[in-house]
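Participant: Residues per chain, in single letters:
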Amino acid sequence: MKVLESGTNEQLKVAAAQRDPALFAELYECNFDRVYAYIARRVPTRQDAEDLTSEVFHEALRNLGQFEWRGLPFAAWLLGIASKRIANRWRRNGQRPEVAQDSAEAPGMDAGIEETVMLSQLVDELPPDQSLVIRRRFVEQRSLRDVARELGRSEGAIKQLQFRALQNLRVRMEKRHV
Amino acid sequence: MSDTSLIDQLEAGIEALHARDESEQPPCDPEVTKLLSLVSQLRALPHGDFKMRLQAKLTEAAEQSAGGFAGGAVEILTAGDTGDQRETTETVFRRNVLGMRSNVAAKDLKYVSFDLLPTLSGTGQYPVRRGSFIASLAAHAAAVALIVTSGIWAAGRVETKPQVHSVLVTDISYVLPPSSTETHGGGGGGEHDSLQASRGNPPRFAREQIAPPAIVVRNEQPKLTVEPTVIGPPNLTFPQTSQLGDPFSGVFGPASNGTGSEGGIGSGNRGGVGPGNGPGAGPGWGGGIGDGPYRVGGGVTAPRAIYDPEPEYSEEARKAKFQGIAILQVVIDADGRPRDIRVAQSAGMGLDEKAIEAVRRWRFEPGRLGEKPVAVVVNVQVNFRLY
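These protein sequence lines map, in sequence, to chains S and Y. If you read the first sequence in our numbering, its first letter stands for residue 1, the second for the next number, and so on. If you read the second sequence in our numbering, its first letter stands for residue 1, the second for the next number, and so on.
Keep in mind the hints are simulated off the structure, nothing from the lab. One thing to keep in mind: the hints can contain errors.
Stated by the list, open to error - Some, not all, of what chain S presents toward chain Y, calculated at C-beta under 8 Å:
1) Phe32
2) Tyr36
3) Thr116
4) Met118
5) Val139
6) Glu140
7) Gln141
8) Val171
9) Lys175
The structure displayed is predicted, hence computed values, not measured ones. Here a beta-carbon is modelled for each residue, glycine too, at the ideal position from N, C-alpha and C.
So here's chain S without its partners, still in its complex pose (with noise of 0.2 Å):
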C-alpha cells in the first residue's frame, strides 16, 4: 500500500523541493492517487475529476515555497488545496455539490481513499499482463474486442485473463486488509 510517508521523509522531500522544484516530482508520485481519489468522489465526471486535480498540483507547484511544515502530513495541505477549488467550481457553476464533502475546516483522508490508493498500487503490482488487461478493460473501460486486438489474443483468452486479474486483485486486498 502506498502509505503516507513519515513525516521526518516527507520534511525532507518537501523541503528538498522547495529548494528545487524539479524534486516535485516525488511529492507528486506520492500523493497523486490520494488527490485524485478525493476530487473523484466529489465531482460528477472524469474530466472534471482530471481538470481539478491538474489544477490542484499546478497550484501546489506554485505555491510551495509558501509551505510551512506544521505536523500535518503535505497530502492535508493538497487536499485542503482540492477543497478550495471544488468548492470554487461548484460555486461557479451555480450549483450544489452533488456529493457530499468533508468538513470544510479539515479536508481528511477517509478510509474510502486510502482504500482506492492502495487499490491503484495492487494493479501496478499485478503480472504486468493481468495489469494491463485491468487498466484497459475496467479503468479506460474499453471493450473486449479492442483489448483482444491490442493484445493479440482472442476475446476469449481476454475473458479469463481479466478473470484471473480480478481474483488476484481480490486476493491481495484482502490480504492488506487482514
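For chain S, the structure is supplied; the task is to place chain Y on it using the hints.
Facilitator: Just chain Y, lined up with the frame of chain S:
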C-alpha cells in the same frame, strides 16, 4: 459452478456496468458479485496516461521555475551498449529521480554514475562533501577579497597626468602693432682692471661663445686654444684688425680688458664687449650688438614658434604634485634658434630646468625688421599643471 460459467457471468456484469445499467444486473454467483464490486472501484481509478501527461507538464513547469535542469554530470551505459546507446543525463535523472518512464529497464543498467549537486547547508537529502564545500567557500572568499583589494589598490593608484602648456607671451603682434621707437641688443665685460678698456674692434660674432675676448691675455700657454667670440649674428661683421678692444671706448692707451667683470672687454660684465651686460657687444644686454636685443616693436615683428615640443614634468615636482608657472626670457636668433635663455620667473622643483631644456629645442620663424630677420627677445610662459 465451473470457471466458464463464472467468466460468462462476470463478462455480462461488466458489460452492464459499462452500459451504466446496473439495474439490469443479472443474478449471479456471490464470487462474481464481489468481483463486480471490485470492477466498480477500478472504474474510479485515474487513467495512466493522464497521470503521465500531468507529470510531464509539472516537470516542464518545475524546470521553468527552477531555471534549468538540476542534475549533475552523468553517463549511463546500457546492457547492449556499443558506444552510441548512451542516455542523456536528463533521461536518467527523470527516470531515477523524477520517476518518469524510460525505455531502458533498471535491470539492464550496467553502470550508473550520478553526482547530484550538494545542497549549500548540507541538510538536504543529498550527500555533501564538506571538504569541497569548504574549499569552494574559501575560493569564493579569496575571489571577493581580491576584487575588493584590487579596487582599493586601483583607486589609490590613480595617476595624476601631468599637463604642460607653453605659450609665447610676447607674441602680441596680432593684437598690437609694432612699436616705431624701441629696439635693443648688446653686451659688456671686463676684468676689474683699473683702466678703461682700450679701443679696438670686438672679435667676430658667433652663435656661441666659448671664450670671451681679452685684450690682455693672462694665460699665455692655454692647454686648448679657442678663438674668442661675442654672441651675435654671424653675418654681422666689424672691420677685423689685429687690435681687439672696445669700439665704444675713447681710450687709446695701454692695453686693458677694462673695469668690468666676468671676462670680456669693457666696463660691463658677462663676457661681452662694451658697457653692457651679456656676451654681445654694446651698451645693452643679452647678446647681439647695440643697445640690447631687439624687442617686438619699432618695425620688428615677433618670432613665431614652428617647432615647440612641450617640456616634461620634473620627477620631483610630479611626486610632490607641485604645479607652477615658469617664464623664460629667450632671444630668438635671426635664424630662428633660441639662445641666451634665462629664467624671468622661476617655478622651482626642477621645472625651470625642464622648461629651458625644452625651449632650447624649439625653432622659430624669426622676427623681422622690415624684410630682414633679426634676433628678438621674447618671453615664454610654461604652465605646469597636474590634472
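Participant: Now tell me, hint by hint, if it's right for this structure.
Facilitator: To see whether the hints hold, each was checked on the structure:
| no. | hint | verdict |
| --- | --- | --- |
| 1 | Phe32 | holds, 6 Å |
| 2 | Tyr36 | holds, 5 Å |
| 3 | Thr116 | holds, 6 Å |
| 4 | Met118 | violated, 10 Å |
| 5 | Val139 | holds, 5 Å |
| 6 | Glu140 | holds, 6 Å |
| 7 | Gln141 | holds, 6 Å |
| 8 | Val171 | violated, 11 Å |
| 9 | Lys175 | violated, 14 Å |
In this structure, the hints that do not hold are numbers 4, 8, 9, in rising order.
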